[in-house]
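Chain W: place on chain X using the hints.
These protein sequence lines are chains X and W, in that order.
Letter by letter, the first sequence follows residues 1 to 692 in our numbering.
Letter by letter, the second sequence follows residues 1 to 142 in our numbering.
Source of the hints: derived by calculation from the structure; they are not laboratory data.
Because the structure is a prediction, the values reported are computed rather than measured.
Among the hints, a few may not be true.
Here are the simulated DSSO-like cross-link-like pairs (lysine-lysine), alpha carbons at most 30 Å apart as the crow flies [said to hold, decoys possible]:
hint, chain 1, residue 1, chain 2, residue 2
1, X, Lys545, X, Lys657
2, X, Lys310, X, Lys23
3, X, Lys27, W, Lys120
4, X, Lys23, W, Lys31
5, X, Lys27, W, Lys4
6, X, Lys310, X, Lys92
7, X, Lys23, W, Lys99
8, W, Lys31, W, Lys68
9, W, Lys4, W, Lys99
10, W, Lys99, W, Lys68
11, W, Lys68, X, Lys23
12, W, Lys120, X, Lys23
13, W, Lys99, X, Lys27
14, X, Lys657, X, Lys618
15, W, Lys4, W, Lys120
16, W, Lys31, W, Lys111
17, W, Lys68, W, Lys4
18, W, Lys120, W, Lys99
19, W, Lys68, W, Lys28
20, W, Lys4, W, Lys31
21, X, Lys23, W, Lys111
22, W, Lys99, W, Lys31
Partial selection, computed: residues in chain W whose CB lies under 8 Å from chain X [unchecked claim]:
hint, residue
23, Glu55
24, Ser56
25, Glu78
26, Leu81
27, Ala89
28, Glu139
Looking from chain X toward chain W, a few residues come up when the C-beta cut is under 8 Å (computed) [what the hints assert, rightly or not]:
hint, residue
29, Arg20
30, Lys27
31, Gly29
32, Arg34
Where a beta carbon is used, it is the ideal one built from N, C-alpha and C, also for glycine.
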Amino acid sequence: MSDRGDNGPRDREAPSLEERATKAGSKIGDRRVRIVRPAAAEFRRRGGHYVATPRVDAAQSRVGRVYERARHILFGARLTSEEEAGERLSKKTGLAIMASDNISSSAYATEEAMRVLAFAGGAALALTMPIAIAVCVVLAVVILSESRVIRAYPNGGGSYIVAKDNHGVLPGLVAASALLIDYVLTVAVSSAAGVAAISSFVPAVHDHRVLWSLGLIALLTVGNLRGIREAGVIFAAPTYVYVLSLLGLIGYGLFRLGSGDMPVAVLPPDAFEPEGIEALTALLVLRAFASGSVGLTGSEAIANGVPNFKPPESRNAVITLVCMGTIFATLFLGITYLATRIGIAPDQFEFETVNSMLTRSLVGDGTPFYYLVQISTAIILLLAANTGFSGFPRLASVLADDRFMPRQFAFRGERLAFSFGIIALALMSAAVLAAFHGSVTELVPLYTIGVFVAFTLSQSGLVRRWWRLRNPGWRLSMAINTFGTIVTGTVLVVVAYTKFLYGAWMVLLVMPILVGLLFSINRHYRTVHDALLLDRPDEPIPVLKPPVVLIPVARLDRATLQAVAFARSISPTVRAVHIATTAESAEEFARRWRRWTSEVPLDVIESPYRSLLQPLLKYIERIDQRDDRPITVVLAEFVPRNWWEWILHSQTALRLKLSLLFRPNTIVIDVPYHTEDTGHGVTPRGPEDSAQ
Amino acid sequence: MQLKRILVPLAGTSVDVEVLRVAIALGKPAKAEIVAIHVIEVRWNLPLDAILEPESERGEGVLDGAVKVAEQAGAHIETELVQAREAAAAIIDTARDRKSDLIVLGMPFRKRLGRVYVGKTVQGVYIGAHCAVLAYRQEETR
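Excised from the complex, chain X in its bound form:
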């Protein structure tokens, strides 16, 4: 003898993952309750709720298992939400992941400034060093200011959160859209620059640079989908190899110059006109400065992703930020000094980079050290894209949490990475890269605008914050951020002005469009939220009248029988409707229906033009107009045993479902009929046609 626990009649009717059967004992008082958990392997009990075990996600079919295995090899094992803390970055891996963009800029910042100055002739290249110093001064201000951002906003979000918090939503979204654009460009520029570095010593790559760049983006996407910590581990070593090899090169170069052993400068394959084609104007110098400022990009990524660091997050982020700035400044100034002293000039058509020529001048062509520098440069430039891959998904998730971006961006994948953001970034950067033919010089003018918009907004936001809060030491903080605002704002104006015609206009055009898009996404979510919000937490469940149930029937068979039985279980008001193509078939179907049942009324509609959906939809519309109860359409749908058998069936139910999806006041219920179904709970009364 057994019964279930006394949980009340309602609970007894609702099936549960756990059943409690009371068993009588051999003696009075020895009763026991047997707890039966048939799904215990799939759902573990924890703290009053169930937790799905890995078995739930395990593939059932052979194809599914093969797919799972491939995913496992490519992306690694699934991680639980509790493992998030283990996915945090140390300072060492954080520097490799989040500072690689900034550090890698040292590989091309000198060249970008030189390429502008070269228009004014070879003598103008002497101005590269003062420009490099100016860029480093700006970087120092930015780092000092960003460290304040990290301390004030340890939950990340960077410029977006700072600007939104202190200036309002619109400036916040301007900062966010500027950064989103910049991250896309970071990935595009980094992969293009990486391929350019490879093509410096493997010229054949130059002709297929777009394809190579796209392949590299795909590689980085997979690496990042494996999770941020693993991406850091994979990509940490090349970052340090680059830093050490460049430091070695600079040290060796300085030693040679110091010992009076001046190297012979390697000449570019296609040099600029030695006399120049433009006058050396202040505007040209400003343009060169703007191009050199490309080296400042990526310095906001650390402030944006503070929660990615191990605790104490803020401290680790600030230390990483300072290390990043020091490394960049050392490399940038060292390369620029050596290049200008030795007399390296840029190549007009980007066949060989300035760094490659500098290395060849110092250590000779084809030496192992030359290849080490070139290969590590190529790799670090590629890894710079990692900054985009860590920054974009994190920022997009913050925006999604604030309902300015689709919710999917806030979703963490199986490896705890923001998979949707990573894939979206990869696709957008690939499109940009292809549109600009994989050229670094074509892409660079688009770059840096966004980052300076974000810098300026966050710096000025902090000024307002210090003024408002007036915490201890607020005067110093405010002075630092005011200076930061002035410097970054000035650089923004310079960059926007000098690069406007060279492509910056595109960014300035896209930015407001993106802001509008973010606003409209937010408006949609707010509308939906308002529509779905319960007026009060204890809102009573409304009592509805049983709906009017319509069952479109194509033929009289087991699937129809099951659908009719189900319809009658939810409402007494059930009506079947059949679309016939001829008068004879209409007559015949009505006769057979009458013979089968008189309990469910049938409407037969003759459709002389053989259209099926339109008469049905119009019929539902007319019925709906005549009754205030919700219309429920119950669809009998035959489900074939194998996927390929789908094509043998007309899928009318599917098409009808799609047509009714957006119809208001209409509930659509699918009653699938599988060939192995035996019609449990249905008492057949002898349908005469069971053909399918």
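Frame of chain X; chain W shown alone:
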């Protein structure tokens, strides 16, 4: 004696793994059906079928651990989670319902007043069970 069904009550103590291995060693040659049971004792001030979350979780953990031990030993076991007022009575009645031939009980090595202490559950099963009972006492801890 041909063993067909063995019941192994597990309390979640250190002896569980050993007693389960003993049961598997005894049952494997005859391909006996082995059932691991964990009894949650419900206090008298609570209804018998009260939902006891921490105890249920712990019980499930004990039985999951038993399944893993059995898998490692190349055996398949069934598990049962039961709530009762007294563990001994529930074990005896479950053994009767399942027509068990043998109950293999584990006793952690414990001393009270200088003597090895046999808990009331072991004593109760020993005295009241209809079938054979094997009590496995854990080795003396040094």
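Evaluation of the provided hints:
Distance hint between X/Lys545 and X/Lys657 is fulfilled; the C-alpha atoms sit about 23 Å from each other, no more than 30 Å. Proposed proximity of X/Lys310 and X/Lys23 is contradicted: the alpha carbons are some 53 Å apart, above 30 Å. As the CA atoms of X/Lys27 and W/Lys120 are separated by approximately 18 Å, the hinted pair is consistent with the 30 Å bound. For the hint pairing X/Lys23 with W/Lys31, the CA-to-CA distance comes to about 28 Å; that is within 30 Å, so the pair holds.
Taking the CA atoms of X/Lys27 and W/Lys4, the gap is near 26 Å; set against the 30 Å cutoff, the hint holds. As the CA atoms of X/Lys310 and X/Lys92 are separated by approximately 11 Å, the hinted pair is consistent with the 30 Å bound. For the hint linking X/Lys23 to W/Lys99, the alpha-carbon distance of about 15 Å falls within 30 Å, and the restraint holds. Using a Cα cut-off of 30 Å, the hinted pair W/Lys31 and W/Lys68 holds, with the two alpha carbons roughly 18 Å apart.
Between W/Lys4 and W/Lys99, the direct Cα distance comes to roughly 9 Å. Compliance with the 30 Å bound is thereby established for this hinted pair. Restraint check: the Cα-Cα separation between W/Lys99 and W/Lys68 comes to about 25 Å, which is no more than 30 Å; the hinted pair holds. Using a Cα cut-off of 30 Å, the hinted pair W/Lys68 and X/Lys23 holds, with the two alpha carbons roughly 28 Å apart. Distance check on the hinted pair: W/Lys120 and X/Lys23 sit about 22 Å apart at the alpha-carbon level, within 30 Å; holds.
For a cut-off of 30 Å, the pair hint linking W/Lys99 to X/Lys27 stands: about 17 Å separates their Cα positions. Between the alpha carbons of X/Lys657 and X/Lys618 the distance comes to roughly 15 Å, so the proposed pair stays at or under 30 Å and holds. About 27 Å separates the Cα atoms of W/Lys4 and W/Lys120, which keeps this hinted pair within 30 Å; it holds. As the CA atoms of W/Lys31 and W/Lys111 are separated by approximately 36 Å, the hinted pair breaks the 30 Å bound.
Proximity of W/Lys68 to W/Lys4 is assessed by CA-CA distance (about 22 Å); at most 30 Å being required, the pair is judged to hold. A hinted pair counts as satisfied when its Cα atoms are at most 30 Å apart, and W/Lys120 with W/Lys99 qualifies at roughly 23 Å. Distance restraint check for W/Lys68 and W/Lys28: the Cα-Cα separation of roughly 16 Å lies within the 30 Å cut-off, and the hinted pair is therefore satisfied. A C-alpha spacing of about 7 Å is found between W/Lys4 and W/Lys31, which places the hinted pair at or below 30 Å, so the restraint holds.
At most 30 Å may separate the alpha-carbon atoms for a hinted pair to count; X/Lys23 and W/Lys111 exceed this at roughly 35 Å. Taking the CA atoms of W/Lys99 and W/Lys31, the gap is about 16 Å. The hint holds against a cut of 30 Å. Hint on W/Glu55 is violated. Least Cβ distance to chain X is approximately 10 Å, over the 8 Å limit. Hint status for W/Ser56 relative to chain X: holds, with the closest Cβ pair at about 6 Å, below 8 Å.
With a least beta-carbon distance of about 12 Å to chain X, the hint placing W/Glu78 at the interface is violated under the 8 Å criterion. At about 4 Å, the closest approach between the beta carbon of W/Leu81 and any beta carbon in chain X falls short of 8 Å, and the interface hint on this residue holds. Taking 8 Å as the C-beta contact cut-off toward chain X, the hint placing W/Ala89 at the interface holds, the least distance being around 4 Å. For the restraint placing W/Glu139 at the interface with chain X, the shortest Cβ-Cβ distance is roughly 32 Å, beyond the 8 Å limit, so the hint is violated.
Interface hint status for X/Arg20: upheld, as the beta-carbon distance to the closest one in chain W is roughly 5 Å, under 8 Å. With a least beta-carbon distance of about 7 Å to chain W, the hint placing X/Lys27 at the interface is held under the 8 Å criterion. Annotation: X/Gly29 was flagged as interfacial toward chain W, and the flag holds, the nearest CB pair being 7 Å apart, inside 8 Å. The interface hint given for X/Arg34 is met, as the beta carbon of that residue sits about 5 Å from the closest beta carbon of chain W, less than 8 Å.
The structure fails hints 2, 16, 21, 23, 25 and 28 (numbered hints given earlier, in ascending order).
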